[in-house]
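Enquirer: Protein chains in written order, with my numbering: chain A, 1 to 124; chain B, 1 to 190; chain C, 1 to 571.
Bear in mind the hints are in silico, worked out from the structure with no lab data behind them.
None of these values were measured; they are calculated from a predicted model.
Every residue, glycine too, gets a C-beta built ideally from N, C-alpha and C.
Keep in mind that the hints are not guaranteed to be accurate.
[What the hints assert, rightly or not] No farther apart than 25 angstroms at their CA atoms in a straight line, the calculated lysine-lysine pairs in the DSS-like style are these:
(1) 96(A) - 190(B)
(2) 190(B) - 88(A)
(3) 158(B) - 11(A)
(4) 158(B) - 123(C)
(5) 524(C) - 207(C)
(6) 207(C) - 154(B)
(7) 516(C) - 295(C)
(8) 516(C) - 440(C)
(9) 432(C) - 516(C)
(10) 440(C) - 520(C)
(11) 190(B) - 11(A)
(12) 89(A) - 190(B)
(13) 52(A) - 89(B)
(14) 88(B) - 158(B)
[Unchecked claim] Residues on chain C that point at chain A, a partial pick, calculated with CB under 10 angstroms:
(15) 223
(16) 226
(17) 269
(18) 317
(19) 321
(20) 323
(21) 336
(22) 340
(23) 343
(24) 470
(25) 473
(26) 475
(27) 522
Below are the chains, spelled out letter by letter.
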Amino acid sequence: MADHGTQYYVKIWGILLVLLVISIFGPFLEIPAVTLITAFGIAFVKAYLVVKNFMHMNVQPAYVGYMLSTCLVFMLLLFAGSAPDVMKKDGDNWVKTVVVVQGPATMHHGEENSGDEHGGAELH
Amino acid sequence: MRPIANTRTAAGIPTARLAVWWVLASEIVIFGGVLASYLMQRMGNPDWAAEAAATNVWIGAFNTFVLLTSSLSAVLAHHAAEHEQDGKKAARLLGLTILGGGIFLCVKGFEWYTEISHGMTIQSHPFWSFYYTAAGIHASHVIAGMILMAFVAKDAAKGLELHRVELVGIYWHFVDVVWIFLFPLLYIAK
Amino acid sequence: MAESIEHPGHAGGHDAPHDHEMSFWSKYIFSTDHKVIAMQYLFTGMAMGLIGGFFAYAFRMQLAFPGMEVPGWGMVSPADYNSLVTNHGTIMIFWVAMPVLIAAFGNFLIPLMIGCDDMVFPKINRLSFQIFFVSAIVLLSSFFVPGGAFGGAWTAYPPLSANPNYSLTPMGSSIWVVAVALEFIAFLLGGINFITTAMNARAPGMKLYDIPIVVWMIVVASILFMASVGPLIAGAIMLFMDQNIGTHFFDPAYGGDPILWQHLFWFFGHPEVYVVLLPAMGITAEIITVFARKKLFAYRTVLYTTFGTGVLSFTVWAHHQFIAGIDPRMAHVFTITTLLISIPIAEMCFVYVATLYGGSITFSTPMLWALAFIFEFLIGGVTGIFLGASGSDIYFHDTYFVLAHFHYTFFPIAIIGTFAGVTFWYPKMFGKMMNDTLGKLHFWGTVIPFNLIFIPLFVLGAAGQHRRIYNYEHFPELSAPWMQDLRQVATIALVVMLGMQLVFFYNFFASMFRGKAAGKNPWKSNTLEWTADSPPPHGNWPEGLPNVYRGPYEYSHPDRDDDYWPQNVPS
């Protein structure tokens, strides 16, 4: 395994902290594209840095990376196959409604609006 | 007694490290299942953002900082064990990592206590169900990692089984990476 | 360990275990020997198989003779009926097919076939069995709790399974989830052990294409299991919280989504079919090459097909949900992938037939089982086409046609494949030969009744008989006399088949004591396990681990006098 020296790891840690700060403050601009990039794009960069430098993925045999990324691809498949059903709220002759049943006492957030209203985003 | 099978390396890396990578592969699909379920529900229900707005970004950010730092001490422990053959130093650094995990859990406990006392319980809304479930599964991995590290550090302090410092480190970094994704998913996405 | 890693070559048995006296407990119960653990899995699987078979007997009797007092069970109440079918399915898949095909054969065969002394992590291997054993007890305990065992079908669809007010089994359904989750943990530990063993601990000289096909298939099956089970573990946690903590992940009454569970379940559930199919396919490959005395036709193609099957099996899961209200556009996609996956399986069947072609075939008992596997599984595969196409599935869904179809796949896999493997490797497991006459009697006594059970069910299913109905007398259109007759044919055939298993158990246990000594290599086979003693001692090859010089299927080589050429013989 390549001997990087402790300084190297501290440097990576510094970069990670800078990225963390960016990912916190980026979304404060309230521009959706910036939020996406700063929050999620940077998460991928951070994960890449940790996996490569701390987990030393770069010095493992290539198949280690392949097997982990295959599992990730399977998760994408799960998402792609399930999301159309789970996210679909209505069809030609059906609407997925949320019936608010009188729930337990803790359910004081119970004002889930019925799912066929697409304008749920206006809540905030 | 270690079987001869354990000492063979036909695939090019030590068996124990190979097994850790497979463990991580299986963990990826566990977290993948939770996160994929959460993502598709979240994207299908834009109104959940109102609930998500109540999460505390600063606590989440502080916890991210804690985990990133504990990852640093874990990798430094690995460095000490592998390149300096210094089991005592590795054990001390692992102790720091355990401390990081402990701080993470304490902060999390405080955060959850505050949220629950404000009525944001696991039953109150599907967002909070996912919030507590995903973070809870992650926290159980943090606890498992801390226990494993305590055992490894105990051996490492005596100069035994130093290769395990790296293995438990790989696992800890993975837990860190999961949190790196949980943080924007649960706290930042509004 | 860092030091010893550098010298993988000195496998000369310098720390070969010596045969010191061990107590019964440390030798058979808490052993870390992979063969003992394999036997533990095998016997636990057999015991659970008997329980699952008994459940089938109880509810089939109710269907054939409604309202009858079933000998050995008593009156089958509607709640009993639901618990029985649910746990029959759960047990047969998770506690019989998985432990026997993956864990028992994987444990027994992988170290022996790749020429090493044990699994790479013997203690984790033992832990895996212990967790598995606990999970079996946990599952069975659900029959003795208030409310009874879970009755929401082995697929545990919410909201029925998620809410005790619907399922009426407040404890049973949670116990079911916990048992299944424990079982998954056991097989994750076991599977990672299998994969790392096969990847890292091969004998010197054994290249990737020298690994026997059954080892490949068990490893690929373990990988499939490991990569597919995660979402269901996540789902099981969510379901458990739905049942006990009051979340509503899957309860549509509170904004949850039951379809999500179906996706999480079948994302695992369909690869699971291939998880158990592949080891059975591999066992068949080993047996037909030995008894046809021929090289396996197209070894590499079989291997690539195995990988192809594995990858494709992740893309077909929603064909179980065609009528669950999934997006019709996705139904098109899943129809196409489902029909695609029949290609690699058909290819494997053709490969086996091509292997048989021109061979000098011996119809020994294991060979009969292997041939029956190909034949019966073919029927299961072909009837699957009807169900994979979303159009015809709308008619067939949830009828006995589906039931007969998947029994025509799972029975060949879990029962026929297992018997093929057990009869083939019995001499290695116990050092004795099984009685061939009794073996053949058992073979015909199992395979003929099996067809008599499920062919009538195909007919009934095509006639519209719906699944999960306790008593068809309440449905005039489903209780015509000819339909009731067919139900009775199926039930009587089931009773005969279960009775014939006594022959097997007699043969199995009596041969341990009275069987003819087997010697090292009774079938004149090439693979490494036949070079060890029968049964192999702890450490497998105390005199030194073997080296490998060639592939596993060099039968009837033209340059050799012997018609076989063991892998460990130097050229």
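Enquirer: Look at each hint and say if it fits the structure.
Expert: Cross-check of the supplied hints:
no.	hint	result
1	96(A) - 190(B)	holds (24 angstroms)
2	190(B) - 88(A)	holds (21 angstroms)
3	158(B) - 11(A)	violated (30 angstroms)
4	158(B) - 123(C)	holds (23 angstroms)
5	524(C) - 207(C)	holds (22 angstroms)
6	207(C) - 154(B)	violated (39 angstroms)
7	516(C) - 295(C)	violated (29 angstroms)
8	516(C) - 440(C)	holds (17 angstroms)
9	432(C) - 516(C)	holds (5 angstroms)
10	440(C) - 520(C)	holds (23 angstroms)
11	190(B) - 11(A)	violated (31 angstroms)
12	89(A) - 190(B)	holds (21 angstroms)
13	52(A) - 89(B)	holds (24 angstroms)
14	88(B) - 158(B)	holds (7 angstroms)
15	223	holds (8 angstroms)
16	226	holds (8 angstroms)
17	269	violated (13 angstroms)
18	317	holds (7 angstroms)
19	321	holds (8 angstroms)
20	323	violated (13 angstroms)
21	336	violated (13 angstroms)
22	340	violated (14 angstroms)
23	343	violated (19 angstroms)
24	470	violated (29 angstroms)
25	473	violated (34 angstroms)
26	475	violated (28 angstroms)
27	522	violated (38 angstroms)
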